[in-house]
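Start counting the sequence shown at 1; every next residue gets the next number (our numbering).
Take the hints with a grain of salt, since some may be wrong.
To be verified - In silico DSS-like cross-links for lysine-lysine, where the CA-CA straight-line distance does not exceed 27 Å:
(1) K35 / K46
(2) K40 / K60
(3) K60 / K5
(4) K24 / K104
(5) K710 / K256
(6) K508 / K475
(7) K5 / K27
(8) K133 / K475
(9) K569 / K60
(10) K256 / K46
(11) K27 / K148
(12) K110 / K24
(13) K110 / K46
(14) K472 / K112
(15) K123 / K40
Hints are computed from structural coordinates only; laboratory data are not their basis.
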Amino acid sequence: QDEEKWDFVLVSNIHEVGSEKEIKRKKFLDELSKKGFAIKKIEDKKLFYGVRAPNQIFQKYQWLLRNSNSRPQNPDVHHDIPATTRIRIVNFILQNTVTPDFEKLHDLMKKKVFEAAFPLHEKEELTEFLRHKWARWRDIFRQQPIEKIRCYFGEKVALYFAWLGWYTYLLGVAAVVGLVVFVAGITIFSSSQVSKEICEANDTIMCPLCDQKCPFWLLSDTCTYAKVTHMIDNEGTVLFAMFMAIWATVFLELWKRHRATVVTDWDLYRWDEDEEELAMELINNLQHEPRRYQHSYFRSTIILLLVLVMIAVLIGIAHALVIYRVIATAFFTQSNSEFLREQANTMAVMTGAVLHYITIVIMNKVNRRVALYLCDLEKPRTFSQRENNFTVKIFTFQFFTNFSSLIYIAFFLGRINGHPGNYMRVAGRWRLEECHPSGCITDLFIQMAIIMLLKQTISNVMEYLIPWIEHKLCKKQQRPKKRSMMLGEEEEAEDPCKSHWLSNYELKEVNIFSLFDEFLEMVIQYSFTTIFVAAFPLAPLLAFCNNIFEIHLDASKMMRLYRRMVPRKANDIGIWLQVLEAVGILAVIGNGLVIAITSDFIPMQVYKYTYSPCMTENITGVDCLTGYINHSLSVFRIQDFEPYTKPGLALTGLCCRYRDYRNTKDYSYTVQFWHIFAARLAFLILFEHVALCVKVIAAWYIPDVPQSVKNKFLDRKHSNLHKGLRWVMPHKGPG
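Can you make the complete structure from the sequences, with help from the hints?
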């Protein structure tokens with residue numbers, strides 16, 4: 001039965017005898033035969049070639065990479081080689097076998113000589129276990145069988161699932177805290193003094209929100225919006241942002257410990273990737289010379305400039321979204337529908353968020369092409385180096401794609417739009433958006449909620465549904481053929497390999513980036529969960545719910561819908577760890593800026609402790625925020641409007657109010673503005689230093705490597721030295 005196990009299957013169209021493609025295919029297969037590969041041909045609508053490597057290849061591998069700590073030194077003693085290692089070595093040899101025309105399998109697939117090359121999903125006990133105990137919805141809360149995943153898919157995939165499981169497990173803690181903060185916000189929904197003042201401001205006339213058709217309006221009209229804002233923007237959010245900065249550090253430190261324990265159990269803690277690659281090169285070709293390390297400053301400069309150009313393009317797209325929102329607001333305010341006129345700003349933000357999601361989907365594909373092109377320019381030495389370079393570039397591009405619009409809403413919206421009588425305009429015509437009198441944080445909340453919900457629902461559904469539908473359609477097309485075969489009696493003794501290979505061929509193709517895509521999706525989600533969490537305390541809860549499904553979607557895809565991945569050996573999650581650490585630092589900066597700049601937390605505290613009745617008049621028994629709204633609105637004389645703007649008639653009086661700290665005479669900034677500005681800056685510096693100090697202390701307090709792992713290596717070194725001495729001692733005796 002073992003004789004019928006094939007390491008890989010190559011698929012080719014049936015080419016004409018004597019055609020160029022047929023000759024190229026024969027040359028490649030001849031090269032494999034020279035290396036001792038067994039090849040089996042099965043003909044159907046396509047040609048299938050099963051290849052099995054000779055045992056001496058694996059014996060060479062075991063001998064070259066023998067580990068003096070754990071394996072015997074005798075070259076005649078061979079252990080069974082794991083299936084994942086077999087597939088990995090055979091894949092390496094297939095990819096690096098060169099024909100007499102100096103073509104590799106990659107080139108032949110480009111020229112359509114071969115259509116596909118893949119390892120098989122074997123029909124064995126392990127496959128059945130993973131299919132029925134891991135990739136099933138009923139086992140959604142069961143612990144993942146990481147060891148079995150490793151035995152089937154290799155270390156890289158096992159580490160992905162170990163990381164994703166660990167991340168989801170710790171997200172549960174953040175989700176509970178976020179939910180508590182959000183619920184606490186709802187309980188003070190109506191009791192906030194600021195919301196009360198807005199709801200009772202029946203005589204506060206606000207300046208129009210657009211130039212032509214917009215009327216003057218009463219501050220009390222926005223009562224509900226103000227309540228929603230203060231549900232998000234309160235003291236609890238500040239503490240939660242601080243908590244999430246610490247959570248991000250603790251999560252990474254605990255992951256390092258978890259990973260050290262896992263890879264020590266696999267005996268891979270001190271595994272050397274370079275040595276592994278050199279061994280495979282030598283097994284494939286004894287005359288192989290290693291590629292030298294090289295670095296070109298000129299090439300690096302060119303790539304850096306191209307990356308900056310790409311980032312500028314992505315920021316340009318964010319500007320386009322801003323212009324869309326400005327024009328959409330103007331369009332909605334001039335609409336005939338009363339609902340659209342009243343909710344113009346909210347509608348513009350919501351449609352802008354949907355448009356932002358669409359640009360994210362489109363730019364994903366563009367970013368990938370650009371990142372691959374830049375990687376080809378770099379000419380990396382090894383595959384893993386190429387993967388690291390690609391990871392850094394694509395994450396940078398994706399970060400700007402996902403976050404540039406959010407950064408604008410958080411830090412620029414309502415701060416660069418001027419003031420009545422002197423507005424900043426797009427193309428000299430459309431006014432830039434303003435913040436609501438309650439603050440900009442609700443706009444950020446809406447934008448994040450829409451993007452996260454769309455990303456997690458639509459993207460996940462598409463990710464699973466498309467391969468599932470393709471798989472079902474493929475199966476339907478195959479069924480009638482099988483029935484017609486059954487009618488012909490000469491087909492009775494069909495080769496058992498044929499149906500197995502065909503069913504594997506019908507599955508969706510996997511490529512080297514299949515696992516990479518899963519990682520990228522999770523790291524972008526991690527960024528959403530940590531960077532702007534001060535504006536959206538529910539982000540960890542959404543991420544937690546998504547990940548519980550994500551683990552099982554990925555498991556189902558890999559076991560049922562996709563061809564088997566080529567296993568990769570690894571002892572950590574690679575450069576993703578540095579990316580996650582960078583996101584952790586960005587989270588401290590991002591949340592500090594959201595609280596200092598976007599939120600009204602600082603202006604309220606300044607008012608409370610400097611200008612409030614509690615301080616100026618020593619009145620007790622009143623809320624110290626009494627009078628805050630009146631204090632935060634400036635007065636504008638209607639006669640000073642620009643001549644070509646025609647605001648609707650004022651309700652009463654000659655003045656209207658707007659959100660800013662400016663003088664009534666010349667509209668310059670008041671002392672309060674500079675007081676608040678200094679307080680914002682002081683808070684930002686304090687928050688970031690405290691958060692970074694706590695991160696450093698947490699990183700020091702939790703060791704990266706558990707003591708049990710260190711002791712294991714200590715014992716191993718001790719026993720090896722002990723054995724060495726035993727070899728030496730007897731020889732010294734007779735001398």
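Problem - Given pair status - K27, K5, alpha carbons within 27 Å - result: Distance of about 24 Å is within 27 Å: holds.
Exercise for the section: Starting from K110, check that the Cα of K46 is at most 27 Å away, please. Expected result: Status holds; Cα separation ~17 Å.
Handout entry: Restraint status (C-alpha distance of K123 to K40 at most 27 Å)
Key = holds (19 Å)
Problem - Holds or violated: K256 to K46, with C-alpha atoms at most 27 Å apart - result: Violated, because 47 Å separates the two Cα atoms, which is more than 27 Å.
Handout entry: Satisfaction of hint between K46 and K35, Cα-Cα up to 27 Å
Key = With a Cα-Cα distance of about 25 Å, the restraint between K35 and K46 holds, given a limit of 27 Å.
Handout entry: Straight-line alpha-carbon gap K133 to K475, limit 27 Å
Key = holds (24 Å)
Handout entry: Distance restraint between K472 and K112, which requires alpha-carbon spacing of 27 Å or less
Key = holds (26 Å)
Problem - Hinted pair K40 and K60, Cα distance within 27 Å - result: holds (24 Å)
Practice task
For the pair we were handed, K710 and K256, check the Cα-Cα distance against 27 Å.
Solution key: holds (14 Å)
Handout entry: Straight-line alpha-carbon gap K27 to K148, limit 27 Å
Key = Judged against 27 Å, a Cα distance of about 38 Å means the pair is violated.
Exercise for the section: Assess, step by step, whether the Cα of K110 is no farther than 27 Å from the Cα of K24, and give holds or violated. Expected result: Since the Cα atoms of K110 and K24 sit roughly 12 Å apart, the hinted pair holds (cutoff 27 Å).
Handout entry: 27 Å limit on alpha-carbon distance, applied to hinted pair K60 and K5
Key = holds (20 Å)
This entry does not satisfy hints 10 and 11, going by the numbered hints stated previously.
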